[in-house]
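Got chain A; can you put chains B and C on it based on the hints?
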Amino acid sequence: MRSTAKDKVILTLKYVVLIAFSVLCLYPLVWLFLSSFKTNSELYSNPWGLPESFSLANYIQAITEGHILQYFMNSVIIAVSAVAVSVLLGCMVSYAISRMDWKLSKITMSIFMLGMMIPVYAMVVPLFSMFNRMGLLNTHLAVIIPHIAISFPMTIFILTGFLASIPNELEEAAVMDGCTIYQIFFKIILPISKSSIVTVAVVTFINVWNDLLLPQIFLTDSSKMTLPVGLTEFQGQYTTNYVVEIAAVILTIIPSILVYIGLHKNIMEGMVSGAVKG
Amino acid sequence: MKKVLGDKKAIAIFVLPAFFIYAVFALIPIGYNIYVSFLQTDLMSPSQFVGLKNYMNLFKDSTFKLALKNNILMVIGSLIAHLPVALFLGNILFQKIRGSHFFQTVFFLPSVICGVAVGLTWTFVYNSEFGLLNKFFEIVGMESLQHVWLSDKKLALFCIIIVVMWQFVGYHMIIQLAAMRNISGDIYEAAEIDGASKWVQFKAITFPMIKPILKIDAVLIITGSLKYYDLIAVMTGGGPNHATELMSTYMFYQGFRTLKYGYSASIGVVLLLLCICSVFLSNFVFKEREAKQ
Amino acid sequence: MKKKVVSMLLTGAMVCGLMTGCGGSGSGSSGGSNSSDDTITVMCVGTEADEYVAGYEKIAEEFSADNEYGVKVKIDFYENEQYKTKLTTLMASNAVPDIFFTWELSYLEPFVAGGKTADLTSYLDEDTEWRDSFADGTLDLVSYDGKTYAVPTQKSLCVMFYNKEIFSNNDVEVPTTYDEFLAACDTFKSNGVTPMALCGSDAWIPAQFVQQIAAGMAGDELFQSICDGSEKWNNETNIKAAEEVKKMADQEYFNNGFIGTSPEEAREIFTSGKSAMWFMGAWEVGNLMVSDIGESIGVFTMPAYDSQYDNISVGSIDTSFAVSENCKNKDAAVAFLKYWTQAENEGALLYDYGRIPANNFEIDASKLSELQAAVIETSNAQVGLQPWWDRQFGAGEGVEFNNTCVAVLGGEDAQDAFDELQQFADDNANR
Chain A
8 MRSTAKDKVI
18 LTLKYVVLIA
28 FSVLCLYPLV
38 WLFLSSFKTN
48 SELYSNPWGL
58 PESFSLANYI
68 QAITEGHILQ
78 YFMNSVIIAV
88 SAVAVSVLLG
98 CMVSYAISRM
108 DWKLSKITMS
118 IFMLGMMIPV
128 YAMVVPLFSM
138 FNRMGLLNTH
148 LAVIIPHIAI
158 SFPMTIFILT
168 GFLASIPNEL
178 EEAAVMDGCT
188 IYQIFFKIIL
198 PISKSSIVTV
208 AVVTFINVWN
218 DLLLPQIFLT
228 DSSKMTLPVG
238 LTEFQGQYTT
248 NYVVEIAAVI
258 LTIIPSILVY
268 IGLHKNIMEG
278 MVSGAVKG
Chain B
293 MKKVLGDKKA
303 IAIFVLPAFF
313 IYAVFALIPI
323 GYNIYVSFLQ
333 TDLMSPSQFV
343 GLKNYMNLFK
353 DSTFKLALKN
363 NILMVIGSLI
373 AHLPVALFLG
383 NILFQKIRGS
393 HFFQTVFFLP
403 SVICGVAVGL
413 TWTFVYNSEF
423 GLLNKFFEIV
433 GMESLQHVWL
443 SDKKLALFCI
453 IIVVMWQFVG
463 YHMIIQLAAM
473 RNISGDIYEA
483 AEIDGASKWV
493 QFKAITFPMI
503 KPILKIDAVL
513 IITGSLKYYD
523 LIAVMTGGGP
533 NHATELMSTY
543 MFYQGFRTLK
553 YGYSASIGVV
563 LLLLCICSVF
573 LSNFVFKERE
583 AKQ
Chain C
123 MKKKVVSMLL
133 TGAMVCGLMT
143 GCGGSGSGSS
153 GGSNSSDDTI
163 TVMCVGTEAD
173 EYVAGYEKIA
183 EEFSADNEYG
193 VKVKIDFYEN
203 EQYKTKLTTL
213 MASNAVPDIF
223 FTWELSYLEP
233 FVAGGKTADL
243 TSYLDEDTEW
253 RDSFADGTLD
263 LVSYDGKTYA
273 VPTQKSLCVM
283 FYNKEIFSNN
293 DVEVPTTYDE
303 FLAACDTFKS
313 NGVTPMALCG
323 SDAWIPAQFV
333 QQIAAGMAGD
343 ELFQSICDGS
353 EKWNNETNIK
363 AAEEVKKMAD
373 QEYFNNGFIG
383 TSPEEAREIF
393 TSGKSAMWFM
403 GAWEVGNLMV
413 SDIGESIGVF
423 TMPAYDSQYD
433 NISVGSIDTS
443 FAVSENCKNK
453 DAAVAFLKYW
463 TQAENEGALL
473 YDYGRIPANN
483 FEIDASKLSE
493 LQAAVIETSN
503 AQVGLQPWWD
513 RQFGAGEGVE
523 FNNTCVAVLG
533 GEDAQDAFDE
543 LQQFADDNAN
553 R
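Residue numbers (the working numbering), protein chains in the order written: chain A, 8 to 285; chain B, 293 to 585; chain C, 123 to 553.
Only chain A is shown next, with the shape it has when bound in the complex (with noise of 0.2 Å):
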C-alpha cells in the first residue's frame, strides 16, 4: 500500500480522535485517582496539581469507617453466584431452544425475549412481599434470584444467537458415537460456545456488581450490603469530606477495571464469535 500525504493526515486526524476520546474517557478518573490523596483544602486550592503526598489516610479511613473491604466480599458473593447460575441455566435453555425439536420453542423464545423490556423497579414491591413470605429478605439470595431471572433474556438473546450458527454436522457426529444429549452439551457444545459465554457472563456480571435498587430494599444489615449502596451511604455521612468518599469511590472502580482488563481479550472474542450473529 502507498502510503499518500493524504493518507498520513487522516491517520494523524484518526489519532487525535482517538486519543482526544481516551483523555475524555481516562481524565475523570486520573482525576479521581489523584484526589484522592489529598486532604479536603487542598481539593479546593489546588484541583489539577498533583497531591502534596501520596498519603493513605483516605485510604485507610475509607476502609476502617466505610467497612468497603466488608462490602465489596457481599458484592462478590452476589455477583459470582447470580452469574454462575444464570449462565449455567442460560446456556442449557438457549440450547433446547435453538438446537432442540418441539413444538413450543419459539414461543418460549418469545416469552423470555418479553423479559427485555421490563422494568426492574416495577417489581420491587411484589418480590419484597414474596421474600418476606419464604424467609428470605434481608439474604444474599433474595437480590440474586431477581437478578438471575432478569438476566436470562439477555443471556438467551446472545447465546441462542451464537448456538444457532453451530453446524448440524457436529451433533450428528456425536450421537453416531453415542453420545446422550447431556454429553453433547457438556462436552461438545459448552466449550466450543467459550467465548459467548464468557461474554454474557461478563455482560450480566457488570448489571449485578453495579446493581442499586434490589440489594437497598431487600438487604437490611449493612453487614450484608453491597458497594454501590455503601457508596450512597458515603454520600449522606462524609459530604463535606469528599476526599474520603473519593477514595471509596477509587477502591469501588479498581477490582472492575481489573476484571475488565483480565478478561478482555475473552469478551472481544465472545463478542465477535457469538453475540453479533443475533
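Derived by calculation from the structure, the hints in this document are not laboratory data.
Since the model is a prediction, treat every value here as computed from it, not as a measurement.
Think about it this way: if two alpha-carbon atoms lie no more than 20 Å apart in a straight line, the pair counts; the simulated DMTMM-like pairs of lysine to aspartate or glutamate are:
#1 K231(A) - E203(C)
#2 K13(A) - E484(B)
#3 K446(B) - D324(C)
#4 K368(C) - E358(C)
#5 K460(C) - D241(C)
#6 K295(B) - D184(A)
#7 K194(C) - D228(A)
#8 K357(B) - D541(C)
#9 K113(A) - D299(B)
To list a few chain C residues with every Cβ distance to chain A over 12 Å, as calculated:
#10 E353
#11 G420
#12 Q464
#13 I485
#14 E542
All residues carry an ideal CB built from backbone N, CA and C; glycine is no exception.
Frame of chain A, contents of chains B and C only:
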C-alpha cells in the same frame, strides 16, 4: 438424531429450571404490577378498583409529562452517542490501526464502573466549588460559563445525559466493532482492488453487513435509557423541582414516597409498553431502510 | 420427580401469597431482621456521623440489660432517604419491625389507616403520669380520630443560629425586627461577610425558610386555613414570602451558589466562620457544640415580617416512635418507649446531644451549655409552632411545596410556580 434432539425429558430438564425462576420472579411480579395499575391503593388500606383512571390521570400530570419528555431526550442523546459516534470510533479502530487494543480497553472502561461510582465521579466534576468543569472555565478565563451545574434546572438534565453518553459509548462501540470483525476480509480486499475509498467501503459493505446488529443494539440503547435509574438517584434524585425526573424516578417517587402504588404501577406499565414499542419501532426503521436499497 | 413436586407446591404457595399478600394480614415477622420473641427491633433514622446515635444506643443497651419482660432491644439505623424507601416497602408487605421511627401528621396517617400501627391510647390512659408528661398538644400531632399511635421523643423548631464574633466584629446587634434583619444582612454583605448560609440542594431547607417568612406575614391563621382547605397554596402570602426570599438571594445574602450547596456544606460554611448566620432546625445544636466555633454561637428567632406575628416558628415534635400492629410483645415495646421518655434519658439526650425533649421535666440548667440554654429559652418563648409543610401534607403536596420554593429561588416566577403547586394539589387528591 431426531430422537436425541427431540427427547422430551431432556428438553424439560434444560428448560424448566430457568423458566421456573423466570416465571416466578419476573413474570408474576410484572403481572401483579399490571393488576395493581388498575387500583387506587397504598397497599395497606383496602384498595379500590378504578379501571383506567390512573392512566387518564397520568396524561394530565405535568410532572409525568416532564418525565416522559426527559426520557425521550435521554433516548435521543443515547442514540446519538451510541450509534453514530460509537460507529465512527468503531470504524476507525476497525481499520487496522496501531494501539487499537489499547483504545478499545480505554473506551470500554467507563461502562464497567458501577453507576453509583460514575454518578459520584461526575458530581465531583460538576461540583460548583472545586469541580473540574468550573475550575477549567476559571483557568481559561471564562468565568461567565461557570454554573451550579446539577442544581440549575435548565442544565441539570443535559449534564446527566452527557454522563450517560460518556459511560456507554465504548460498550456499544465494542458490540458494533465485534460485528465488523465478523465480516469476511475477502470482501474488503475485493473492494480495495476495485479502488473503493474507505468511506465507500463503509457505506457499501460495513454498514449493510452489520445492520442486524445495529437493530439489536438500537433496541438495547432505547430500552436501556428508558429504564435508567441509579445515575439520577445519585446525582440529583430527580431534582431540582423534577427537572431531571425520569419515568423510573417518578415511578419510584409516587410509589415509595407518596404511597400511591396504583398510580406508580401505571407508570411502570407505560414504561413497559414504551419498551415494547421501541422494539417494533426499530424493527420498522431498519426494515424500511433495507427496502430502500 | 420429587423435587419438581416440591417446586410446584412452592410456586403455588407463592402465587397464593401474592394474591392475598398486600393488604391482607399476613404473618409477616419483623423487618427482615431475624428477631425472635425476646428481641424488640427498632428502626430509626441516623448514620454513624450523627452524634445522637450513640445516645440512642445507650438507652437501648440499658433497657436491654434490665427490664421486666426480659427482652433485648436492637436499633437499626438507616440513612434518611433509604429509611423512607425501606419503611414503605416493609409496610406494603406487612413486615414492619416492632418499633419504628416516624414523622408526625400525614407521614404516619396512611400507616394508621392501613392498620399497621398499634393504638397506644390505652397505655397512655393507664399511665396518666406518662401521658401528662408530654407538653400540651404534642400528642395531638400523632393522634388520629382521638387515638394516639406514636410517642414523640423530641421537640424541634427552626431557629437562626448566629456567630457572635462576626456580629460584634461588624458592630451588628441581634435583629429584633424584620427590617433590622435585612439591615444586618446588608451590613455583612458590604463588609464582605456572607450573611446567611443556606443549602439549596435539599428542597425542604429553603422551603422551611419561606414557610417561616410566610408565618411572619400572616401568622397561624394562614397555616390553619391552608390545612383545612379554605385557603389555596397560591395565596398572596405564600407568593410574597417566596419572592421575599428570592429577593434576599438576589441581594446575595446567601452563600455563593447556594442553590447547589448541600446541607452539610451549608453547616460547614457557618461553622468555619464564613457566614454570620444559619437558619436551621434546633436539632443541629449537638453538631454545632462540637464544631470549632461552638463557643461563640448564639441563637435568635427570625423576626416576623409583621411584628404582630413574632415568635411563631416552624417547628413540631420529632423522632416519634410507633409500635407495629404485628409486634408480638407490645407491652415490652411500650415499656421501652416509656423508658426512653423518662426524664433521666431524655435529660441525657438533652445535656449530651442538645436534643430538646418533647416532654416536660425539671431541666438542670447547670448541665446545659450556653447555646443549649439559649435554644431552650427560645423554644419556650414561642407562642406558636407550625409543622413543616412536608410533614403536614406529606410526600405529595408537602414535598411539592418544597420544590416550588426551590423553583422560585431558581428564577421561576413565584405566581406561576405556586399556581402549578395548587394545580398539583387538585390533581393529586385523586390518584
